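Below, each chain spelled out in residue letters.
Number of protein chains: 4
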Amino acid sequence: MQLGMIGLGRMGSNMVQRLLNNDIACVIYDAAPTKMTPLQDLGATATSTLDAFVAQLNTPRIIWLMVPAAVVDTVLAKLSPLLSAGDMVIDGGNSHYKDTIRRSATLRSAGIHYVDVGTSGGVFGLERGYCLMIGGEQDIATYLDPIFSALAPGESAVPKTSGRATQNSTSERGYLYCGPSGAGHFVKMVHNGIEYGMMAAYAEGMNLLKQAQSGGQSNTASTSAVNTEASNNSNTSNTVLTSPFPSENPPYAFDLPEIAEVWRRGSVISSWLLDLTAHALHEDPNLEQYSGHVSDSGEGRWMVMAALEEAVPVPVLSAALYARFSSRGQADFANKILSAMRHQFGGHLEPPSKN
Amino acid sequence: MQLGMIGLGRMGSNMVQRLLNNDIACVIYDAAPTKMTPLQDLGATATSTLDAFVAQLNTPRIIWLMVPAAVVDTVLAKLSPLLSAGDMVIDGGNSHYKDTIRRSATLRSAGIHYVDVGTSGGVFGLERGYCLMIGGEQDIATYLDPIFSALAPGESAVPKTSGRATQNSTSERGYLYCGPSGAGHFVKMVHNGIEYGMMAAYAEGMNLLKQAQSGGQSNTASTSAVNTEASNNSNTSNTVLTSPFPSENPPYAFDLPEIAEVWRRGSVISSWLLDLTAHALHEDPNLEQYSGHVSDSGEGRWMVMAALEEAVPVPVLSAALYARFSSRGQADFANKILSAMRHQFGGHLEPPSKN
Amino acid sequence: MQLGMIGLGRMGSNMVQRLLNNDIACVIYDAAPTKMTPLQDLGATATSTLDAFVAQLNTPRIIWLMVPAAVVDTVLAKLSPLLSAGDMVIDGGNSHYKDTIRRSATLRSAGIHYVDVGTSGGVFGLERGYCLMIGGEQDIATYLDPIFSALAPGESAVPKTSGRATQNSTSERGYLYCGPSGAGHFVKMVHNGIEYGMMAAYAEGMNLLKQAQSGGQSNTASTSAVNTEASNNSNTSNTVLTSPFPSENPPYAFDLPEIAEVWRRGSVISSWLLDLTAHALHEDPNLEQYSGHVSDSGEGRWMVMAALEEAVPVPVLSAALYARFSSRGQADFANKILSAMRHQFGGHLEPPSKN
Amino acid sequence: MQLGMIGLGRMGSNMVQRLLNNDIACVIYDAAPTKMTPLQDLGATATSTLDAFVAQLNTPRIIWLMVPAAVVDTVLAKLSPLLSAGDMVIDGGNSHYKDTIRRSATLRSAGIHYVDVGTSGGVFGLERGYCLMIGGEQDIATYLDPIFSALAPGESAVPKTSGRATQNSTSERGYLYCGPSGAGHFVKMVHNGIEYGMMAAYAEGMNLLKQAQSGGQSNTASTSAVNTEASNNSNTSNTVLTSPFPSENPPYAFDLPEIAEVWRRGSVISSWLLDLTAHALHEDPNLEQYSGHVSDSGEGRWMVMAALEEAVPVPVLSAALYARFSSRGQADFANKILSAMRHQFGGHLEPPSKN
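Residue numbers (my numbering), protein chains in the order written: chain W, 328 to 682; chain H, 328 to 682; chain G, 328 to 682; chain F, 328 to 682.
In case anyone wonders, no lab produced these hints; they're calculated from the structure.
Among the hints, a few may not be true.
What the hints assert, rightly or not - Here are some of the chain G residues that sit facing chain W, going by a computed Cβ distance under 7 Å:
#1 M632
#2 L635
#3 A638
#4 V639
#5 Y649
#6 A658
#7 F672
Because the structure is a prediction, the values reported are computed rather than measured.
Glycine included, C-beta positions come from ideal geometry on N, C-alpha and C.
Looking at chain W on its own, in the form it has when it is part of the complex (with noise of 0.2 Å):
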């Protein structure tokens, strides 16, 4: 089998590299044409315009973007007119599942079939496989069985869950047939999602874990000079941050890198993404490498529309999405409003700098 990659980012270029370990034909375009050059030395074969690029594929022609959501619509408006009746495009990026179903729509009335794969994995998908979560027509997805199946991890990657002997699913080799056009785009959005949620959720243990080290800060307000917003009573009260509020933790000095090396082996919260916090803290203890202003991807938002169009309550991947928000600087406001009610009914003024 032959497919066509577009975009040599991180994701596309590692793609590849599974494809042709696994015996797939790759025909490779990237704007960018040192990007291609590692990959042709594997195998692959590069071309340097559109219309090369399509004249190489084999008719049906597959095609796998893995572009930015963004550009989606830039490259398919130059790519469709190339293209015939009975091609098959497929998005593996993280695009909305509604601009999916309208690319979709849209390309069906050239005999087009577009195809939807979430697409997880990160950059340990060149070894581990990736995990790919499928929308569009059943018997596209069906004929493009052996490109998922090259891509995914594979039957032994993990135990076989109990109970499923028998069953012979794609998903226990790690790929799956989610639903009509949009559906692998959903799937990999509420996947995103729940990201956040395990993400934060670890990152809030860490984080009372290391303030424990310092006693927290609490601690720092003696108790004369504590701030009440009933009883004011000295001039210095508006300079301290927080109450008289008893800690009575003990000066814990916790070693994070090996508390969360020790999770990884028989615990609840063993996951991947554990294993990788914990390789991360090995590296870099007290993380000074991180800036700690979080990007977020986009889908973690979308999957909260999503669910408030369902009423669905989600309210820890909304407080893990608004912490990364806060991260930001995006409250900065909303606290400036805090102070100044805190300034008007109390007479209270913060202090300037962060403590």
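Given chain W, work out where chains H, G and F should sit, using these hints.
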């Protein structure tokens, strides 16, 4: 009637003035003598030692403590040996109700009546009167009625609740006996927890209006340099914060001081906190004088703890409280954990400065 | 001045009365003729068809729609062909601001001016006046000033904000031009989002007071049949809900109607919503007539969506909204997932009925 | 080496088996004699009284308590008079770390060493091994190494974290000395808090997929009977739950068991909890056997309390915990307050039954 006030901060000082205005004789004591002078001019009897303070009071003595919660035990240790059976001590500050229960039991063994009075009103209480939530022995609370009546706003402060015409409750004058020892501080704790939630509700709304002015953060991402987890195919993708999220919000230029003002009249969200917000925004539309590092007085934390003891969900209060913690940098390490995870699985490096 | 009102539900009907009281002539139309009769008695001109309605209005016509957001497009489809260039149509309901922008553009091509007016005040607006948040063309908003002035509460409704003495803003009379098309509905959306948060803040506080009355749920677990994940060593542990959590809360018997009442005077959390809560609790202290399956009007969801577009954290609003979803059973399957996980890793079976 | 085990519930019984399998001699005691029989058959020495239990143990004695947190004090009161200086008592259950610190100090005065071991692994621990988080005196923990090593999963349980090749830490075998008394239970408490967050993340995602199957709640509102707060103009509006919210989600029919299964391979969210979820959904795709009234073991509440003491924001953990509270009906009165407010300001009456 005569009352002795210990603690002449903003709250205590104003309360003495309101008591004097309502013909309650006041004996006063504060460790800082300069705080007593202006009240002396208004007719209060200043004392320079606790002994002198106690000696000036008629028995049974009525003593009101308006000191920080963290020093109540210290003050009681010095004061209680000077008192006689039958004396009454009132804690008008924001003590934890469990501390109050403990102190009440200790003093009761010496025949001293301990009364807890949650006091709301802030710096406006002198003029508006104070809302008083009272706990302790009911007959003692009844005995102290003239004090509470003098401090409270009185019946005319707000229109009568429909259907209450035939009642004669002190609640309609702004003070209420809530139950045995600690009940007053418990109700005040809940009151302050509600306050946190309301403040945060306004802050979030104002923040959204403010961001809509500027087009929000998402508009800073150009479509040529988006950040999607699955498809980073450019060298610049690491340096971009947000997703290709479609922001179609028109560039409204909202006038926040005017919006706060209009909501004061006829709207469902009119409130005293909104009045204060309107005033703060009128004075300083961009709130430049405020740091946004928001203190918390401890009562919000106590309310969450009480809710946990009763298995009562308090998501709004918790969200409001955590926003304050985060405003003080207390989420920073959690955010670094998130950055580290993203770097591990996706090769993402967050940008070093806030955007 | 003359106004035509379409839609005579609670809001529309009351607004017509308030307009008539302020000498604005009203032509009225509703699909249900019986709704028109009482207003006719007060001087309104009833019409039985849209054609008759339009014919009764002087040009340029001023038409106010007070219909559900979901039928605005239907009404406009019937109404707009009957109108002339220069006519003004006001949408006073809770439409989404993006719908408003779209409708405005459509009508503008026919020379019709479209004005969006977020209207707050509920069933009390007839007496108190309505808070009006206005979007559209500024000169048209100015032309309609007598209408807005008649509906709004007026300057005397609340005390002036300190420091605003020399201004002469309509905000001080209870209405405000907020910006171009959609701005009024955007501000009303934010207003309603804040309302959700405030309501939830009160609800959480009242719930905690209520649970403290009963000693809370945690007290139902006896020490002989506790449920700890690590150490289930009795056959009965499966049937117990909660942990051996130490609840030391004294059995306060709080009088919720009285507490709501006392907070109305002098406290920081006094508000109109609190006034309503006090009234509801006075009428029905245990709120037995209410189902607690809380509807949402859509504006809270829209505000979260707008916040997501701008990357603005709104944790309080979201928590308030999700509590409503959950009150309607929308978390049930999520809870079953949790039960299933607990059964898998710990052998726990949750009890079949609520406790 | 020899160990005495008190408490033979699911956890204690499995741990004895694992110890016996690793050549640790076991003396056992449980108030229910029938629990001892199967372990006797495997080689454990059963005892019928605490005195006999203590007498069977070589000195210095090693005694492991695997009893509910709520009965630890009771067991210690009976056990400690029978012990000698130098004996070691291990609390392997989910005790609060502050209780552990208190108990440790009490026993230390009698020369008894008290060790806290947070134990994770659930019913699978017998086979997989247990993750052990250890607090107390470091030299005692070192002395007990053979016990911990027998219980823990061992180095081969998971692949080595990259870059740790030259280390020789017990964390890589699944147990870790975390610090002085209470440190083990503190880390276990944080572990369980993270677990709550992860579980809720999966539950929210699965719930959204489930609702998308049915089209969600919002689709039940017809456009002819919508509920908007500002514009109720029909008699039927009271009986409608939701807004005219546009749900454009296609009617996907997701296969939840298959989706959980596919996520197990290659995806970023693979974890042991996901493995369990996949198994539960495979057995019972609609989870009909589960009540969804989700218990909590207390450790989540304790973690929130510890976070409050340190001013650490834990929004995800809190949201997860509150969802459990609400699943047990603990938000019902809060919801009634919301219904009551809506009735007051808008005339809305919520429908009596869930939808």
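Hint check:
Residue-level restraint check for G:M632 holds (minimum Cβ-Cβ distance to chain W is 6 Å; threshold 7 Å). Taken as an interface hint, G:L635 checks out: its beta carbon lies about 4 Å from the nearest beta carbon of chain W, inside 7 Å. For G:A638, the shortest C-beta to C-beta distance to chain W is roughly 5 Å, which falls under 7 Å, so the interface hint holds. Interface hint at G:V639: satisfied, since its Cβ lies 6 Å from the closest Cβ of chain W, which is below the 7 Å cut-off.
Given hint, G:Y649 at the interface with chain W, holds; its Cβ is 4 Å from that chain's nearest Cβ, closer than 7 Å. For G:A658, the interface hint holds, since its Cβ comes within 7 Å of a Cβ in chain W; the closest pair sits about 5 Å apart. The beta carbon of G:F672 is positioned within 7 Å of a beta carbon in chain W (closest approach about 6 Å), and the interface hint is therefore held.
This entry satisfies every hint, going by the numbered hints stated previously.
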